[in-house]
Amino acid sequence: MKEFKKMLVPIDFSEVSIVLVPYAKYFAEKLQVKIHLLYVVRSLDYFGGFYVPHTSIKKFEEEIIKGAEKRMKDFVEEHFKDFQVKFHVLIGDAATEILNFAEKENIDLILMGTHGRKGLDKIIFGSVAERVVKGASCPVLTINPYRSKL
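In this text, residue positions in the sequence shown follow the numbering used here: the first is 5, and each later residue adds one.
Hint data in this document are derived by calculation from the structure and do not stem from the laboratory. The model shown is predicted, which means the values in this text are computed figures rather than measured ones. Mixed in with the good hints, there may be bad ones.
[As the list claims (entries may be wrong)] With a straight-line cut-off of 30 Å between C-alpha atoms, the simulated DSS-like cross-links for lysine-lysine are:
{"hint": "1", "residue 1": "K63", "residue 2": "K74"}
{"hint": "2", "residue 1": "K138", "residue 2": "K108"}
{"hint": "3", "residue 1": "K63", "residue 2": "K34"}
{"hint": "4", "residue 1": "K70", "residue 2": "K85"}
Start from the sequences and build out the full structure, keeping to the hints where you can.
Okay, structure coming up:
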């Protein structure tokens, strides 16, 4: 069996992200893996049908990335004080970026929630977890945050 060294935990700063924390810590301790937290900012290119100057979109995306990086830093400090964690903020489609990151960084395990988006957002964009499970080349452990017992 392959040895696990790196675990990817995609988060979206929702209540689901908090539910994943004890699982990530548990596996980090038991498997001695390095945790990589990943947040993906939705690219504003999805809204290209509206006229907005390109420079305005890029500037807005840069501000969102800066805010997400600060939020990630705070999240790590609050929930992973005694753990070796690297955090990353990318821009694009969440499932695509998670899969690309996992390949590029040779991730051995992806740990993610089964739920994130709700309602119309989920209908329009689909399930990120489902797309990651189907497309990942490494094992994916999904946690249903509403039925979690850890």
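Here is what the structure says about each hint:
1. K63 with K74: holds (17 Å)
2. K138 with K108: holds (18 Å)
3. K63 with K34: violated (42 Å)
4. K70 with K85: Since the Cα atoms of K70 and K85 sit roughly 21 Å apart, the hinted pair holds (cutoff 30 Å).
In summary, the structure is inconsistent with hint 3 from the numbered list given earlier, while agreeing with all the others.
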